[in-house]
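Go by the hints and put chain B onto chain A.
Protein chains in written order, with the working numbering: chain A, 15 to 613; chain B, 15 to 613.
Wrong hints could be hidden among the right ones.
Identical copies look the same in the list; a pair holds intra-copy or inter-copy alike.
As the list claims (entries may be wrong) - Keeping only pairs whose Cα atoms sit at most 25 Å apart, straight-line, the calculated BS3-like set for lysine-lysine is:
{"id": "1", "residue 1": "Lys334", "residue 2": "Lys528"}
{"id": "2", "residue 1": "Lys556", "residue 2": "Lys477"}
{"id": "3", "residue 1": "Lys334", "residue 2": "Lys191"}
Worth flagging that the hints you see were computed from the coordinates, not collected in a lab.
Protein chains: 2
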Amino acid sequence: MTGYTAPLADMRFVLDEIVGLDELARLPGLESASSDTVTAVLAEAAKFAGQVLAPLNRVGDRQRSVLAGDGVKTPDGFKDAYRQFVDGGWNGIMCDPAYGGQGLPWAVALAVLEMWESANLAFSLCPVLTQAAIEALTQIGTPEQRRLYLHKLVTGEWTGTMNLTEPQAGSDVGALKARAVKAGDHYRITGTKIFITYGEHDYTDNIIHLVLARTPGAPPGTKGISLFIVPKFLVNADGSLGARNDLRAVSLEHKLGIHASPTAVMSYGDKDGAIGYLVGAEGEGMRAMFLMMNNARLTVGLEGLGIAERAYQQALAYAKERRQGRAIGASGADSSPIVLHPDVRRMLMTMKATNEAMRALAYTVAAALDRAKRERDAPARAAAQAFVDLMIPVLKGWCTDMGVEMTSLGVQIHGGMGYIEETGAAQHFRDARIAPIYEGTNGIQALDLVMRKLPRDDGAAVKKEIAAMRALDRELGAVNDPAFAAIRGPLGQATQALGAATEWMLAHLAADPKAAAAGASAYLRLFGTAYGGYMMAKSALKARARQAHNGSDAAFAAAKIATARFYAEQILAPAPGLLAPITAGAEALFAIDPELMSA
Amino acid sequence: MTGYTAPLADMRFVLDEIVGLDELARLPGLESASSDTVTAVLAEAAKFAGQVLAPLNRVGDRQRSVLAGDGVKTPDGFKDAYRQFVDGGWNGIMCDPAYGGQGLPWAVALAVLEMWESANLAFSLCPVLTQAAIEALTQIGTPEQRRLYLHKLVTGEWTGTMNLTEPQAGSDVGALKARAVKAGDHYRITGTKIFITYGEHDYTDNIIHLVLARTPGAPPGTKGISLFIVPKFLVNADGSLGARNDLRAVSLEHKLGIHASPTAVMSYGDKDGAIGYLVGAEGEGMRAMFLMMNNARLTVGLEGLGIAERAYQQALAYAKERRQGRAIGASGADSSPIVLHPDVRRMLMTMKATNEAMRALAYTVAAALDRAKRERDAPARAAAQAFVDLMIPVLKGWCTDMGVEMTSLGVQIHGGMGYIEETGAAQHFRDARIAPIYEGTNGIQALDLVMRKLPRDDGAAVKKEIAAMRALDRELGAVNDPAFAAIRGPLGQATQALGAATEWMLAHLAADPKAAAAGASAYLRLFGTAYGGYMMAKSALKARARQAHNGSDAAFAAAKIATARFYAEQILAPAPGLLAPITAGAEALFAIDPELMSA
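Chain A extracted, bound-state conformation (with noise of 0.2 Å):
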């Protein structure tokens, strides 16, 4: 198995050329973010990512999180690590500097995230629900929850989780049945809920459980839902620890991946019905949760790229040692390493392509939400939020199906011993393998995209970036040079087939919602490919501009270029023939009854 080193050369390109740091860090509130912190910041997390959470991904896999008893126990060195990583400060970096943040920008904070991703997606999955729950206290929270939760949630004190999920009620939130009977100044918690991530641990002394449940008369469906604050230890006012409340895991699931995450069933008052304390108004549980789950969409789309910037880099490894066979051309006797077969290549290239087309993406739409939150204008605000809201489920959608097929590329480059657990490949393969279906399964994030997403302003947002798209088209058009005339053609045709798909789902989307549906993962697809497209040949334009201004980084300019160019002619161009899945309507879907589904 190899290890992980961050790639910072390209998180810096990115958060240079396509991010714009030096303009982020001048918004209200991110004056931090100088280049000397950011460059400090991501030396320091590449150094514990890779020498302290590296090295016990595999240790995590093997050794799994187990119920022990009323707790959980964590693969041996875990806790420890955990410790390290609150005592660095690294769980609140993007948090505010009043509750123990250090107020970075969320665009450095997703570098810093992605770090952690590769490094042990298993162990990540903690302080990412972490922050899910700061950013719902943060939000809607009475200033009492903040003052006494708050703090220990942005250091990592404590951590938080997000109950959901329950046995009847996945992707239908609205199905849940968790009872919250008012009871003076507190709620009586009731219930089961499943697949909760980091649901209990040994890594702290307390965990802040966030659960939706259902108060009595309320309205079915999601507008009778209310979000609680559920402690393991009850909180007292001076921010000490009180009673046990009345929940606890009374299972973890045994899954295909992330193993050291535990995974629990947990049970609401079994007893007396657990103390919680309501979060915002009665029945405004949903809104919570988007507040939630919006964050927390960003952060898991990352994780398709952190798993597959991990499961590259070992393939990369393992495909400059192995020696096959000579490769074409190859003068000798010697048999060549694989990395020089035209496949094997192919399909680093595509990793690497596709890892950085998701990595410019991701870092965009970050960089994004600081600036809906900084910007120092209202206009500003609403269309950094805009183009937020539309991309999440891009970022989500595409980068979680790019996890699973780029971690499966990284186990056939190593071939036979791919498929041997020591290698360590196949645990990529495993790991990445649930990002496409929580937090929103990519089908949901599909239909957020076309039918809530889309339509809003008339699709105002993405013809948006479409025009953009376009302009890039022409700055293309502009530079001589084969290498950028090799992007312009896929990129143009790209474009054309999104505006195109666009067209199709605006004009069908009220009048055949079925077929609009049907179509929905298409377009998803062919959206974040030509948008990783569009990322890739900004990120060209730009490597160029560096080499003609500054010799110094001239191979990885040129080395971007390729890698855009590679992008174009092998990802890139066949997907414009997604327009005809897209627009083919529900009738062969539908055609068939289910009962004769069966061969």
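Then chain B, alone, in the frame of chain A:
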């Protein structure tokens, strides 16, 4: 976890309408394959697969085969199932009756084998390997070798293995180092072989290892390799078992999937050298290997279908039962089974359509294998063999890639439950991942297709298939039905693209082999997808003819036409987009020095 019900209706449809079973059964030696016999065989096999093998699939995954002392303990129930398998006469159904086989056509045998692979992939690998040994001994064994070994391999009383790989010799078979030194009428074999499927087990009294090794003074590379019979127990002239040979399994691999199948590291000749008997002549090992491999590649390709069919049945059952949300246009307040949601239906139909295309392709290739052996005149045999040679890499590469993609959809349809091992969907996903790797990685298949099979007779075999696809276009055009128009358009474009890609390959193969190799995998994928579309279009036409003549299976015929239409609109239509990566050349692939490929 769901059981397995053999898709007898579709299997029979493919055999009757696509393969032409009645015509096949008129060939010399295949007369036993009467319609009634085939019906009885398929029905019995379906029973055995569903009742005996399928229930063991999960047991095998959990218990795994383990090395215990000198032997391997297979999971509970497997040894008994194997005994029933042998007693039922299943092992040799496509083998020569002279050796105890049933002499059924490969086309029929493949339907049966598909059932084993669906029901219990790990179990099915043992007879698949035995079959490869049978093939080699039948074709190049001496009469005495055939007398001693073949009958017991055909009945399954003994099993066979294929020993090619060594740590330094995977795809590069020519790099193997195992040694064979002549000692009178036999050889002494020494060396280590890895990834030996069923290299050791407790099913039978003896195991016949076929081992590639190098004789002293033999030329380097593949020309110096010979094939040897190396039995676990030596066989006396009267067929009784003699001394234990000097070979043993030293460890079993911990694999991502197919846990019940023991994958052994075999050590030969730790003491005095294992006794081995030359098969064919010295230096003919590679030819022998290809004899074993060609059929093994056919059956491994079929594994993609087998596992995808199992995953489909499980996902369909779940989607009909699981209720979440209300489907578009559903009346009432109840939640709908998720099979009614467009994106879930799209995934299910993708599985169904892909599986049916794979089935038609696989049985067609198997029937050509029959014709290549049995046709009365030599040109007909040669034509069938040319088709087999061309299609084997397509079948192996495309179907095994589809196996991974379809089992991944199977996981996705289950949502969070898909990630939980107890559900069983994840096992199919793990099991499927081996098939693109072994018996020649799919990269090797693509090179075999483009570099060896395609250029034979200047592409005559491919051009013949493209001409057949064009001829079908005219048939489709003659049908006055919008479903057939929807099939015709994408098939025409895919045929066009396949023709253009083929011309490009033929033009570039010699002059720019790197460029051809760079596009080989995309070419194979286009080939498989387009040919699958051709198979489905043919099926739709046959179904329509059935509808006209016979009302009894009208629902099946209507479903087949709808499935073919879905395939055309959703799977086939985007395929011509692959023409761009196929013809992009190798420049962007090799633009970056491997040492600079890290980011």
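Now the hints, each set against the structure:
In this assembly of identical chains, Lys334 and Lys528 lie within 25 Å of each other by CA distance solely across copies; the values are 18 Å between and 49 Å within a copy. Only within a single protomer do Lys556 and Lys477 lie at most 25 Å apart by alpha-carbon distance; the minimum there is 24 Å, versus 46 Å between protomers. Taking the shortest alpha-carbon separations for Lys334 and Lys191, only the inter-copy value of 23 Å comes in at or below 25 Å, while the best intra-copy value is 54 Å.
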